[in-house]
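Residues are numbered in the working numbering as their position in the sequence shown, beginning at 1, plus a constant of 783.
Worth flagging that the hints you see were computed from the coordinates, not collected in a lab.
Hints are not guaranteed to be accurate.
[As the list claims (entries may be wrong)] List time: in silico DSS-like cross-link candidates among lysine-lysine, alpha-carbon distance up to 30 Å:
hint, residue 1, residue 2
1, 830, 847
2, 815, 796
3, 868, 796
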Amino acid sequence: MLHRAVPLDANEKQILETKEQAFAERRQEIEKRLRAANGQLAEAISKNPSWSPEVESAIREVEKAAGDLQRATLVHVFEMRAGLKPEHRPAYDNVLVEALRRGSQ
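Based on the sequences and whatever the hints tell you, model everything.
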């Protein structure tokens, strides 16, 4: 979406590509933790299909991983913004805000 909203120059494209690659690695790491936490939750429920200390512990791990993913995504969003020329940032902000608004409906 950003590429349609803002005509990025070669330097901006390179900066953003580097940031995208770093985030992709971080996201994969967190998503792996989230899958493992969901597996722990499934295991806890299969052993005792009611709310239990094991389910509580597992859901806390799921929540932590999900929160870490959300946080890492927002950090990435602002790192991407910082890689843009100041005159391109308002268009980026608009794309971001509109995407968040669409996701909240």
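These are the hints, each one checked on the structure:
1. 830 / 847: 22 Å, holds
2. 815 / 796: 28 Å, holds
3. 868 / 796: 11 Å, holds
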